[in-house]
Amino acid sequence: MSDLTLNGIPVVDTFAEAFDVAGTAIIVTNDTAKWAMIAATTMTGFATSVIGCGAEAGIDAELSPEETPDGRPGVRILLFGFEPNGLKDQLIKRVGQCILTCPGTACYAGVDGPTKVKLGGAIRYFGDGFAVAKRLPDAAGKARRYWRIPVMDGEFLCEDSVRAVDGAVGGGNLLFLGRNHAETLKVAEIAVEAAKAVPGAILPFPGGIVRSGSKVGGRTKGMMASTNDAYCPTLKGRAGSALPAECGVVLEIVIDALTSQGVSDSMRAGLHAATEIGGKHGLIAVTAGNYGGNLGRHHYHLRDLIARDDAKPEG
Amino acid sequence: MSTLTLRAAPPERLDLLNINPLALSRLSQGEAERLEIGTTRTGVRLGDCFAVALDRSDTLTIEGGHERLDRVGASLSEGTIRVAGDVGQRLGAGMAGGSLIVAGNAGPYAATGATGGTITVEGDAGDHAGGAVYAAKAGLDGATLIIRGAAGAHLGDRMRRGTIVAGRAGAFAGSRMIAGTLAALAVGDHPGFGMRRGTLLVGTHGRMSPTFVETGTHDLVFLRLLATALRSLSAEHADLLGKPLRRYSGDLATIAKGEIWVAA
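Just so you know, the protein sequences line up as chains A and B, in that order.
In this text, residue positions in the first sequence follow numbering that gives the first Met the number 0: the first is 0, and each later residue adds one.
In this text, residue positions in the second sequence follow numbering that gives the first Met the number 0: the first is 0, and each later residue adds one.
Just so you know, these hints were derived from the structure itself, not from any lab.
We put the CB at the ideal spot given by N, CA and C, even for glycine.
Careful: at least some of the hints might be erroneous.
List of simulated lysine-lysine pairs, DSS-like, C-alpha gap at most 30 Å [as the list claims (entries may be wrong)]:
(1) B/Lys256 / A/Lys141
(2) A/Lys185 / A/Lys220
(3) A/Lys185 / A/Lys235
(4) A/Lys214 / A/Lys141
(5) A/Lys92 / B/Lys256
(6) A/Lys117 / B/Lys242
(7) A/Lys279 / B/Lys242
(8) B/Lys256 / A/Lys115
(9) B/Lys136 / A/Lys92
(10) A/Lys117 / A/Lys92
(11) B/Lys136 / A/Lys117
(12) A/Lys115 / A/Lys185
(13) A/Lys33 / B/Lys242
Each pair of labels, with its calculated beta carbon distance range [to be verified]:
(14) A/Asn84 / B/Gln28: 56 to 62 Å
(15) B/Pro243 / A/Tyr124: 30 to 36 Å
(16) A/Tyr124 / B/Thr216: 25 to 31 Å
(17) B/Gly241 / A/Arg307: 47 to 53 Å
(18) B/Ala83 / A/Thr41: 58 to 64 Å
(19) A/Thr41 / B/Gly241: 29 to 35 Å
(20) A/Glu66 / B/Gly148: 33 to 39 Å
(21) B/Arg230 / A/Tyr124: 29 to 35 Å
To be clear about the criterion: a stretch of chain A counts as covered by chain B if any three or more of its residues have a C-beta under 8 Å from a C-beta of chain B, and this derived list gives those stretches [said to hold, decoys possible]:
(22) 136-142
(23) 147-160
Just chain A, with the same shape it has in the complex (with noise of 0.2 Å):
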């Protein structure tokens, strides 16, 4: 299958294929940080995929309230979307539909960038003439721009824009070929753990697992990607099938980041804790999806994660 091993463990030798997307962070407080995160499981519902759901997101990382612009606790959310006005129109649904309506939540922006995504300014309009803009500085001296819409618990803060980032990239992805169901989702679960750890990188899909990876197109008219038929186990012996006869699971994890450094450190301690305890859990080998390189400019070559550091991505 491969001449590459990692932790003795077979690494196959291609790459990860991954795409410019639009990208930002937005920071939600609470005066819990049990509620704060309900707000930002909640907005991060249904965002798995941008084609089937407008947009990708996820929990970046869980803040303390010195890291916080009101000093609550609060999570910073990632937001991703093909290009920044799809980006907007999800941020605005979701925030207006997620945040806006759970107790005690105040927004804000989470990263800074050179595009201006409008959000508090487009939700006041919620507050039916009643809201109040507010410029004030903030620790740092820097002015900011907030809405506070009147609300029945009192009042929701948005900051009136947030910044979408330029660099960002949606698709890293590794797979996962095991023998049996659980003891390979424990491995995809432990990649997913250390994964997740690298700041501004977000695993957008149920516990950071897909287990229906897809191909481009289909037989069916109009299907914008299919089941990835090469890495279906029931598929097997088939012409086109990729995998090996003693292999009876893939599962695969998807990375989305603000840089495409961050892509890779993710993919890197994914494929580095994933080997690690691959051997005890029947893991068969190690790959990445790609569409053949020519749909997505970034690729993540597997063979340059093998090695612990100075990854340089190709793109």
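Dock chain B against the given chain A, drawing on the hints supplied.
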């Protein structure tokens, strides 16, 4: 540090509009001394009233203030002006940036129309500090005005944006306010009279206008951000936010988007 030293009490009101570190750094000693600062037909020049010492730095010190020194720092956009004494009216009027510090008192209309930078008056300020001059659209318009002592009446009248911090203020503080933030440890009667938007934070106040309604006490996130913003300007004012606060909404005679927070 360039220095202007006042030789004697000015014979007339002086207009220091064009005196700032950036302007002086481009002039020779002779050119600087010939700058017209008089306000009558006598043609008083800078060198007539001040001993001029230039070093082309971004800091200008005026030694020896006087209540006849008008529009000090009015054209300041960068750098620092320090006045070791009093100044006249319209201190920092229309100022766009930089830092302006007056060790003494200031006359009326300090910081009117100022869009940026920080103006600090260590003593007292006259009426209409941060307020609009006649026929002007707005008073303070984005700058920060700090008055360590007492301000007169109509503090922040028709201010549009920015922050005013004052020790005490007279009647009608924040009158006709368009927006912005005004904090004072004590204010006189009718605070926020005719205000449209904006925030007043006061320790104590005189008679409240009947067109304000009390909305109770509220623990709003906004107050945390306000405390952070005020902390760097005055810990005493920021501490007002550590107490339970009563909120008044008004002025109901206008669009009523303003608020007055009162330390209970």
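Each hint tested on the structure:
Only pairs whose Cα atoms come within 30 Å are accepted, and B/Lys256 paired with A/Lys141 is accepted, the gap being roughly 25 Å. Between A/Lys185 and A/Lys220 the alpha-carbon distance is near 37 Å, which puts this suggested pair outside the 30 Å criterion. Of the supplied pair hints, the one linking A/Lys185 and A/Lys235 holds, its CA atoms being roughly 23 Å apart against a limit of 30 Å. Between the alpha carbons of A/Lys214 and A/Lys141 the distance comes to roughly 46 Å, so the proposed pair goes past 30 Å and is violated.
The suggested pairing of A/Lys92 with B/Lys256 holds, with an alpha-carbon distance near 26 Å, which does not exceed 30 Å. A threshold of 30 Å between alpha carbons decides the hint, and for A/Lys117 with B/Lys242 the separation of about 34 Å lies outside it, so the pair is violated. Taking the CA atoms of A/Lys279 and B/Lys242, the gap is near 59 Å; set against the 30 Å cutoff, the hint is violated. For the given pair, B/Lys256 sits about 27 Å from A/Lys115 by alpha-carbon distance, which is consistent with the 30 Å threshold.
At roughly 38 Å between alpha-carbon atoms, B/Lys136 and A/Lys92 are farther apart than 30 Å, so this suggested pair is violated. At most 30 Å may separate the alpha-carbon atoms for a hinted pair to count; A/Lys117 and A/Lys92 meet this at roughly 12 Å. Annotation: proposed proximity of B/Lys136 to A/Lys117 holds, straight-line Cα distance about 28 Å (limit 30 Å). For the hint linking A/Lys115 to A/Lys185, the alpha-carbon distance of about 41 Å lies beyond 30 Å, and the restraint is violated.
The straight-line distance between the Cα atoms of A/Lys33 and B/Lys242 is roughly 26 Å, inside the 30 Å bound, and the hint therefore holds. Separated by about 58 Å at the C-beta atoms, A/Asn84 and B/Gln28 satisfy the suggested range of 56 to 62 Å. Distance hint check: the CB atoms of B/Pro243 and A/Tyr124 are about 32 Å apart, consistent with the given range 30 to 36 Å. Roughly 28 Å separates the CB atoms of A/Tyr124 and B/Thr216, a value that falls within the hinted 25 to 31 Å.
As the Cβ distance of B/Gly241 to A/Arg307 is approximately 49 Å, the hint placing it in 47 to 53 Å holds. Taking 58 to 64 Å as the suggested C-beta distance range, the pair B/Ala83 and A/Thr41 conforms, at roughly 59 Å. The hint said 29 to 35 Å for the Cβ distance between A/Thr41 and B/Gly241, and at roughly 32 Å that hint holds. The hint said 33 to 39 Å for the Cβ distance between A/Glu66 and B/Gly148, and at roughly 38 Å that hint holds.
Taking the beta carbon of each, B/Arg230 and A/Tyr124 are about 32 Å apart, inside 29 to 35 Å as hinted. A count of 4 residues in the stretch 136-142 of chain A with a Cβ less than 8 Å from any Cβ of chain B is obtained; the coverage claim is therefore met, three being the minimum. Counting residues of the stretch 147-160 of chain A whose CB falls under 8 Å from any CB of chain B gives 4; the rule of at least 3 is met.
Hint compliance for this structure: hints 2, 4, 6, 7, 9 and 12 are broken, all remaining hints hold.
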